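Q: Read off the chains here:
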Amino acid sequence: MIERPELWYVIAALAVGSFGLRFVFIGLVGDRPLPEWLLRHLRFTAVAILPALVAPLVVWPSATGGEFDVPRFGAAVVTLVVGLLTRQTLTAILCGAVTLFGLLYLVG
Amino acid sequence: MRSTNKKIFFMGVRDGAPFLLVVGPFAMLFGVVATEAGLNVLETLLFSVAVIAGAAQFTALQLLTENAPAVIALLSALAVNLRMAMYSATLTPYVGDAPMWQRGFLAYFLVDQTFATSMRAYPDHPEWTTGQRVAYFFGVATLCCIPWYGFTVLGALVGNAIPQGLALDFALPITFLAMIAPMLTTPAHLVACGVAVAASLCLTWVPYNFGLILSGLAGMIAGAQVEQRMEARK
Chain Z
33 MIERPELWYV
43 IAALAVGSFG
53 LRFVFIGLVG
63 DRPLPEWLLR
73 HLRFTAVAIL
83 PALVAPLVVW
93 PSATGGEFDV
103 PRFGAAVVTL
113 VVGLLTRQTL
123 TAILCGAVTL
133 FGLLYLVG
Chain H
58 MRSTNKKIFF
68 MGVRDGAPFL
78 LVVGPFAMLF
88 GVVATEAGLN
98 VLETLLFSVA
108 VIAGAAQFTA
118 LQLLTENAPA
128 VIALLSALAV
138 NLRMAMYSAT
148 LTPYVGDAPM
158 WQRGFLAYFL
168 VDQTFATSMR
178 AYPDHPEWTT
188 GQRVAYFFGV
198 ATLCCIPWYG
208 FTVLGALVGN
218 AIPQGLALDF
228 ALPITFLAMI
238 APMLTTPAHL
248 VACGVAVAAS
258 LCLTWVPYNF
268 GLILSGLAGM
278 IAGAQVEQRM
288 EARK
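First to last, the protein sequences are chains Z and H.
Residue numbers for the first sequence follow our numbering, so the first one is 33 and each next one is one higher.
Residue numbers for the second sequence follow our numbering, so the first one is 58 and each next one is one higher.
Calculated directly from the structure, the hints in this document are not laboratory data.
It is possible that some hints are incorrect.
Claimed, not checked - Here are some chain Z residues pointing at chain H (derived, C-beta under 7 angstroms):
| hint | residue |
| --- | --- |
| 1 | PRO37 |
| 2 | VAL56 |
| 3 | LEU60 |
| 4 | ARG72 |
| 5 | ALA78 |
| 6 | ALA84 |
| 7 | VAL90 |
All values derive from a computational prediction rather than experimental measurement.
Even for Gly, the Cβ is constructed at its ideal location relative to N, Cα and C.
Kindly produce the complete structure, drawing on both the sequences and the hints.
A: Written out as structure tokens, the structure reads:
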């Protein structure tokens with residue numbers, strides 16, 4: 033059982049800290065221009081961090097206890113390829129989901 | 058002017074809608090895990106409203122359940138959220154001149170989904186004013202963030218009733234991949250993505266989620282290098 037005052041401290045500090053991390057640039061830098069070299073790196077934030085977040089989930093899914101899983105890996109590949117070819121998020125999600133359920137049904 | 062803002066807001070709602078598939082189950086799961094850890098419904102809801110960051114909430118909760126010191130639970134959860142600071146920096150050139158109260162709400166609602174969706178739309182619409190970009194962002198947040206609270210409570214109330222066979226764990230990877238793939242438009246973007254993925258698979262041993270931050274930085278540096286070289290060659 034989690035101790036009560038402790039839980040409240042963690043929730044409060046986590047709320048303040050998380051907001052701080054999100055606010056630090058938007059709020060404090062505001063409309064002052066950022067240096068060119070920094071902007072050049074920031075342009076790649078989305079295509080670097082999000083794939084890095086997803087990659088281990090694709091190769092070692094937690095649902096299978098970290099075991100490589102053909103349906104999940106196949107669904108990820110199909111989603112990626114369809115997304116690259118069509119440039120349409122919804123189409124890619126649908127194709128990925130169909131692949132996932134199809135392979136889960138076939139492989140068991 | 059107001060009618061375009063409204064149109065852009067609803068465009069954001071539409072673009073954020075697919076994430077409801079992720080947010081719903083993920084939030085319910087948090088509700089289930091939190092009640093199993095001994096939190097009541099009100100505490101669970103407060104946790105979600107105050108922190109509004111799924112992965113960090115799970116991290117803090119798990120460590121507290123394992124009787125880790127509160128400081129360790131807090132620092133680990135903040136490390137999981139460190140990427141939000143990079144998101145904040147990336148959005149700043151687009152929305153940095155919005156009024157302060159709007160920037161406060163932007164920061165509060167800044168999560169993976171709102172960030173990824175906005176960063177896909179903003180470069181495609183250079184004609185948008187700051188107000189229109191903010192309207193779009195809040196449109197996305199409407200279905201990605203607000204339901205987070207409700208589904209957390211639902212999870213806390215219904216308990217462990219989510220069927221395993223639905224493979225809902227994989228809704229998150231699929232929607233993120235579907236979001237990222239269309240953004241990979243230049244060789245520099247492909248390199249950034251490839252390097253980040255390779256690094257993240259090699260750095261899973263790094264504690265407290267710092268591997269993710271290092272991988273992200275490696276990808277960003279690689280992408281920036283390739284872009285700079287290609288521009289120099291022109």
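Q: Does each hint fit the structure? Answer for all of them.
A: Here's how the hints hold up against the structure:
1. A cut of 7 angstroms between beta carbons decides the hint on PRO37(Z): the least distance to chain H is about 9 angstroms, and the hint is violated.
2. Contact between VAL56(Z) and chain H, as hinted, is supported at the beta carbon level, the nearest pair being about 6 angstroms apart and thus within 7 angstroms.
3. Proximity of LEU60(Z) to chain H is violated relative to the hint, the smallest CB-CB distance being about 9 angstroms (cut-off 7 angstroms).
4. Interface restraint check: ARG72(Z) against chain H, minimum CB-CB distance 5 angstroms, threshold 7 angstroms, status holds.
5. Annotation: interface hint on ALA78(Z) holds; nearest CB of chain H at approximately 5 angstroms, less than 7 angstroms.
6. A least Cβ separation of about 4 angstroms between ALA84(Z) and chain H falls short of the 7 angstroms threshold, and the interface hint therefore holds.
7. Given hint, VAL90(Z) at the interface with chain H, holds; its Cβ is 5 angstroms from that chain's nearest Cβ, closer than 7 angstroms.
Consistency with the previously given hints fails for numbers 1, 3, ordered from lowest to highest.
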